[in-house]
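Work out the full structure: start from the sequences and follow the hints.
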Amino acid sequence: MKDNYPKAAARFLRDAERAKWHDDTLWMVRQKRDANARSIPEWEQLRHLASQIKTHTLLRLDHYLEQFADSAAANGITVHWAADAVEHNRLVLEILQSAGVKKLVKSKSMLAEECHLNPYLQAAGIEVVESDLGERILQLAGQPPSHIVMPAIHLTRQAVGKLFEEKLHTDPGNSDPTYLTRAARRHLRQHFLTADAAMTGANFCVADSGDVVVCTNEGNADMGVALAPLHVVSAGIEKVIPDAGALAVYTRLLARSATGQPVTAYTTHHRAPRPGCQMHVILVDNGRTDTLANPEHAQTLKCLRCGACMNTCPAYRHAGGYAYSYLIPGPIGMQLGMSRDPRAHAGDIPACSLCYSCNDACPAKVDLADQTYRWRQQLDSMHLASAPKKLISRVLRLLFTSPKLYENVLRLAPLVNRLPRFLVYNRLNAWGRDREMPPFAGESFTRAWKRGKVKASREKSK
Amino acid sequence: MRVGLFIPCYINAAYPEVGIATFKLLEHLGVDIDYPLPQTCCGQPMANAGFETSALPLARRLDALFAPYERVVTPSASCAAFIRIHHPAILAGGDTGSRAKNQTEDEHPCHTHEKIVDLCEFLHDVLRVTALPGVFPHRVSIHNSCHGVRELRLSSASELNIPRYSKIAALLALVRGIDITEPERPDECCGFGGMFAVEVPAVSACMGREKVRRHLATGAEYITGADSSCLMHMQGIARREKLPARFIHVAQILASGL
Amino acid sequence: MTHKDEILARLRRRAIPDCPMPDVCLEAITYPDKVKQFTETLRLVGGDAVELTPGDDPNRLLRELYPDARVIASNLPGVTIATVNPDDLADPRDLDGVHLAVVAGDFGVAENGAVWITHNTKERALYFIPDYLAILLHRADIVNNMHEAYGRARVSAGFGVFISGPSKTADIEQSLVIGAHGAKGLTVIIL
Numbered sequence: 001m002k003d004n005y006p007k008a009a010a011r012f013l014r015d016a017e018r019a020k021w022h023d024d025t026l027w028m029v030r031q032k033r034d035a036n037a038r039s040i041p042e043w044e045q046l047r048h049l050a051s052q053i054k055t056h057t058l059l060r061l062d063h064y065l066e067q068f069a070d071s072a073a074a075n076g077i078t079v080h081w082a083a084d085a086v087e088h089n090r091l092v093l094e095i096l097q098s099a100g101v102k103k104l105v106k107s108k109s110m111l112a113e114e115c116h117l118n119p120y121l122q123a124a125g126i127e128v129v130e131s132d133l134g135e136r137i138l139q140l141a142g143q144p145p146s147h148i149v150m151p152a153i154h155l156t157r158q159a160v161g162k163l164f165e166e167k168l169h170t171d172p173g174n175s176d177p178t179y180l181t182r183a184a185r186r187h188l189r190q191h192f193l194t195a196d197a198a199m200t201g202a203n204f205c206v207a208d209s210g211d212v213v214v215c216t217n218e219g220n221a222d223m224g225v226a227l228a229p230l231h232v233v234s235a236g237i238e239k240v241i242p243d244a245g246a247l248a249v250y251t252r253l254l255a256r257s258a259t260g261q262p263v264t265a266y267t268t269h270h271r272a273p274r275p276g277c278q279m280h281v282i283l284v285d286n287g288r289t290d291t292l293a294n295p296e297h298a299q300t301l302k303c304l305r306c307g308a309c310m311n312t313c314p315a316y317r318h319a320g321g322y323a324y325s326y327l328i329p330g331p332i333g334m335q336l337g338m339s340r341d342p343r344a345h346a347g348d349i350p351a352c353s354l355c356y357s358c359n360d361a362c363p364a365k366v367d368l369a370d371q372t373y374r375w376r377q378q379l380d381s382m383h384l385a386s387a388p389k390k391l392i393s394r395v396l397r398l399l400f401t402s403p404k405l406y407e408n409v410l411r412l413a414p415l416v417n418r419l420p421r422f423l424v425y426n427r428l429n430a431w432g433r434d435r436e437m438p439p440f441a442g443e444s445f446t447r448a449w450k451r452g453k454v455k456a457s458r459e460k461s462k
Numbered sequence: 001m002r003v004g005l006f007i008p009c010y011i012n013a014a015y016p017e018v019g020i021a022t023f024k025l026l027e028h029l030g031v032d033i034d035y036p037l038p039q040t041c042c043g044q045p046m047a048n049a050g051f052e053t054s055a056l057p058l059a060r061r062l063d064a065l066f067a068p069y070e071r072v073v074t075p076s077a078s079c080a081a082f083i084r085i086h087h088p089a090i091l092a093g094g095d096t097g098s099r100a101k102n103q104t105e106d107e108h109p110c111h112t113h114e115k116i117v118d119l120c121e122f123l124h125d126v127l128r129v130t131a132l133p134g135v136f137p138h139r140v141s142i143h144n145s146c147h148g149v150r151e152l153r154l155s156s157a158s159e160l161n162i163p164r165y166s167k168i169a170a171l172l173a174l175v176r177g178i179d180i181t182e183p184e185r186p187d188e189c190c191g192f193g194g195m196f197a198v199e200v201p202a203v204s205a206c207m208g209r210e211k212v213r214r215h216l217a218t219g220a221e222y223i224t225g226a227d228s229s230c231l232m233h234m235q236g237i238a239r240r241e242k243l244p245a246r247f248i249h250v251a252q253i254l255a256s257g258l
Numbered sequence: 001m002t003h004k005d006e007i008l009a010r011l012r013r014r015a016i017p018d019c020p021m022p023d024v025c026l027e028a029i030t031y032p033d034k035v036k037q038f039t040e041t042l043r044l045v046g047g048d049a050v051e052l053t054p055g056d057d058p059n060r061l062l063r064e065l066y067p068d069a070r071v072i073a074s075n076l077p078g079v080t081i082a083t084v085n086p087d088d089l090a091d092p093r094d095l096d097g098v099h100l101a102v103v104a105g106d107f108g109v110a111e112n113g114a115v116w117i118t119h120n121t122k123e124r125a126l127y128f129i130p131d132y133l134a135i136l137l138h139r140a141d142i143v144n145n146m147h148e149a150y151g152r153a154r155v156s157a158g159f160g161v162f163i164s165g166p167s168k169t170a171d172i173e174q175s176l177v178i179g180a181h182g183a184k185g186l187t188v189i190i191l
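Quick mapping for you: the protein sequence lines, in order, are chains A, B and C. Under the numbering used here, residues 1 to 462 are what the first sequence spells out, in order. Under the numbering used here, residues 1 to 258 are what the second sequence spells out, in order. Under the numbering used here, residues 1 to 191 are what the third sequence spells out, in order.
Simulated from the structure, these hints should not be mistaken for laboratory data. One thing to keep in mind: the hints can contain errors.
[Stated by the list, open to error] Straight line, CA to CA, 16 Å or less: simulated EDC-like cross-link-like pairs of lysine to aspartate or glutamate:
id, chain 1, residue 1, chain 2, residue 2
1, B, K242, B, E221
2, A, K102, A, D196
3, B, K242, A, E436
4, C, K34, C, D48
5, A, K162, C, D96
6, C, K122, C, D88
7, A, K455, B, D34
8, C, K4, A, E17
9, B, K242, A, D84
10, C, K4, A, E296
11, A, K103, A, E42
12, C, K184, C, D68
13, C, K4, A, D196
14, A, K453, B, E17
15, A, K365, A, E296
16, A, K455, B, D32
17, C, K4, A, E87
18, C, K34, C, E51
19, A, K455, B, E27
20, C, K4, A, D84
21, C, K122, C, D96
22, A, K453, B, E27
Okay, here's the thing in structure tokens:
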């Protein structure tokens with residue numbers, strides 16, 4: 001089992017220089033996001049609309065999903081429905097096998113990660129090639145992503161250089177990002193030219209037109225789809241939006257929030273298969289209908305997967321994506337992981353100082369921090385609450401519900417100031433590990449008040 | 001208008017001078033201020049850690065205690081925010097938690113959440129103070145605490161594209177001789193976060209060290225804010241790191257000379 | 001029940017309170033000089049826009065901009081420097097090795113430097129596979145923002161794409177590299 005967040009974060013911070021780089025780099029992305037948001041006077045109106053449209057769509061998702069499926073089918077796309085990951089993976093394999101596919105090029109899809117698609121296909125003898133540079137790096141390194149938009153953000157250029165040296169035979173010691181990217185371009189171009197099928201996710205499925213809209217910067221999704229005779233799309237059911245008017249709102253928000261670009265380099269509308277080719281769309285539930293039925297966490301489904309909540313989250317920036325147990329880290333990952341399996345992911349829930357920055361950064365106004373607060377309330381009844389925190393809370397309750405006891409503690413507290421250091425600063429005192437204790441006052445406010453000193457202080461200065 | 005003063009537990013124990021400054025300031029401004037007893041805590045530390053059930057009796061006590069007052073003022077943005085935002089649901093039996101509504105408990109109408117204001121809100125929005133007698137000839141760096149910024153909206157959050165403002169800066173500007181500044185990343189969390197500070201101490205302390213350094217980089221002599229909890233955390237960090245940082249609550253600066 | 005019916009049935013137990021579809025009608029940003037804004041934004045995202053002086057030949061300009069391009073693909077009648085008509089190729093993979101493709105854009109978007117391109121060639125790979133991409137665009141065909149853009153965008157033959165600058169990645173240490181899989185450079189020729 002993975003360590004919980006506090007332990008994993010502490011380990012991440014041990015490499016102070018690297019940790020600082022991680023924090024500074026993601027903060028820079030947030031600043032680019034801020035600058036982009038400020039360049040649009042109607043930004044807050046857009047966020048409001050984005051939230052309302054998603055809420056409306058989720059509420060009538062049955063209607064919009066059917067509309068999308070009908071439109072897509074009318075355009076010549078084969079539409080499939082998958083209740084869960086197992087069903088999804090089986091459908092993908094069936095589609096690939098019936099077309100005799102040996103090699104599949106994939107563009108980044110968090111849904112495919114969620115379903116653990118790659119190992120499943122590989123076990124069935126299909127060669128799977130990730131084509132997003134970051135994802136390809138991780139595939140070669142045998143690692144999972146640590147960020148949804150910048151999946152290899154945890155790796156140094158030197159690490160990538162060494163990996164490419166071994167796998168792609170690049171020049172030893174050359175870790176120049178341009179050089180390495182060019183090498184990957186040549187390497188992946190050969191895969192694009194020889195793939196039998198391309199798989200993409202979907203950023204948006206437009207109900208009234210049946211368009212599958214895919215946004216990338218590298219052009220990898222487009223390259224795959226434009227060359228291979230078969231296109232398979234995996235889309236979570238929450239990706240459906242009503243129409244192009246809604247799409248205008250989301251395309252204005254997505255890249256600005258994600259990377260601080262005005263729009264992704266490619267915003268591609270796939271409405272029909274290429275002539276003589278096939279296009280399949282698999283609409284996947286895999287727990288989403290359960291999330292939607294849960295009033296406290298349904299808002300999670302408004303997420304656009306831009307990653308802005310990660311970039312702004314101090315608990316993410318100071319811990320890295322691997323500090324979280326769920327494959328999607330940060331504020332949104334905490335919600336998605338808990339919705340999926342609280343037992344497996346409760347260890348991520350401490351990763352929040354309740355600063356609420358995620359709520360204000362989210363382009364769809366998902367109430368991320370509020371949901372974390374709510375999950376915390378639910379842990380105890382699921383027998384997942386932290387025992388020390390429960391004990392502290394009980395002690396505080398006892399203290400604060402007994403005014404006499406509280407006053408006595410206030411009176412005695414200053415003694416702590418004079419205790420020998422080893423009694424105060426030890427393994428049991430997490431506060432004192434990196435901080436000095438607060439200087440308890442010789443006389444509390446309450447005591448000063450009772451003795452008339454507060455009012456007297458005012459009289460004195462009059 | 002009868003105003004009740006709420007002094008949060010950690011101010012009571014560690015920073016009584018903040019409470020005294022608040023009292024003096026309000027009296028000076030002609031407010032009919034009272035400190036009803038016995039008061040303890042609003043319940044935020046337990047609720048943020050996931051134990052609203054432990055916060056419930058405290059919310060009840062607090063609500064009953066302040067029933068006779070038209071307003072409740074506290075020199076703590078975070079406690080004000082907690083009472084305003086979370087007390088109604090906690091008292092209603094837990095709309096925000098998974099607990100079933102507890103109908104057997106006495107139906108206690110909750111009012112404090114409508115009456116609670118942070119000191120800065122009270123001065124800026126209710127009293128609309130335009131003059132203060134004090135002099136504070138120092139450079140101060142404002143610590144925009146998270147709950148002040150993103151729950152009470154004491155200043156414009158840096159994530160939002162809205163006109164810039166700061167109620168704290170506007171109030172401090174009424175004090176003569178003061179030189180007001182803000183750190184880089186002006187409203188990033190300092191890492192306190194209640195039990196976050198002890199549950200994830202490595203991250204909390206790292207954030208605290210960075211925050212104190214950014215405040216010091218402004219050349220400020222004092223770090224000030226509306227939340228003593230953040231200041232307490234940063235003070236603990238600064239003392240351990242032997243950083244030359246001095247901390248003072250906004251109330252103390254606004255009450256200077258009184 | 002089929003999976004479809006199952007999923008739709010589950011969706012009908014919805015939890016979010018009712019919320020009508022909002023009117024997506026807002027006063028979105030407009031620019032006094034759309035060509036200037038389009039050009040500036042496109043440069044910001046790593047592309048370039050060049051205005052063709054009246055009377056000048058786009059072929060001359062393209063040659064000047066891409067002196068080293070030997071394999072030039074275009075199906076536009078006026079592009080005489082083209083060495084390949086992509087519509088004559090049997091397989092889209094044959095487009096690999098094209099140095100420069102010259103295509104027509106439907107319209108540009110000032111707020112983000114994107115150009116809307118539809119399926120007006122046999123293989124859409126033409127837009128992604130060449131080393132460099134040149135897009136011809138009429139100066140009158142630039143809209144302010146994406147709301148105007150989606151009011152105008154028509155998909156043809158099941159395809160349409162907004163392209164904003166060259167292909168790019170920052171997947172290695174967030175260091176920006178132009179030219180990941182698609183075009184390594186992109187110029188919009190404003191007619």
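A/K102 and A/D196 were given as a pair; does the straight-line alpha-carbon distance stay at or below 16 Å?
holds (6 Å)
Starting from A/K455, check that the Cα of B/E27 is at most 16 Å away, please.
holds (9 Å)
Hey, C/K34 versus C/D48, does the alpha-carbon distance stay inside 16 Å?
holds (15 Å)
Restraint status (C-alpha distance of C/K4 to A/E296 at most 16 Å)
Violated - the C-alpha atoms of A/E296 and C/K4 are around 26 Å apart, more than 16 Å.
Next pair to validate is B/K242 with A/D84; report whether the Cα-Cα distance is within 16 Å.
violated (56 Å)
Please verify whether C/K122 and C/D96 have alpha carbons no more than 16 Å apart.
The hint holds at about 15 Å.
Next pair to validate is C/K122 with C/D88; report whether the Cα-Cα distance is within 16 Å.
With Cα atoms ~9 Å apart, C/K122 and C/D88 stay inside 16 Å; holds.
When you check the alpha-carbon spacing of A/K162 and C/D96, does it fall within 16 Å?
violated (29 Å)
Holds or violated: C/K4 to A/D196, with C-alpha atoms at most 16 Å apart
Violated - the C-alpha atoms of A/D196 and C/K4 are around 28 Å apart, more than 16 Å.
Sort out whether B/D32 lies within 16 Å of A/K455, counting only the CA atoms.
holds (12 Å)
Below or equal to 16 Å on CA atoms is what counts here, so check C/K4 against A/D84.
holds (12 Å)
Pair hint outcome, B/K242 versus B/E221 [Cα-Cα no greater than 16 Å]
At roughly 15 Å apart (the allowed maximum being 16 Å), B/E221 and B/K242 satisfy the hint.
The structure fails to meet hints 5, 8, 9, 10, 11 and 13 from the earlier list, while all remaining hints are met.
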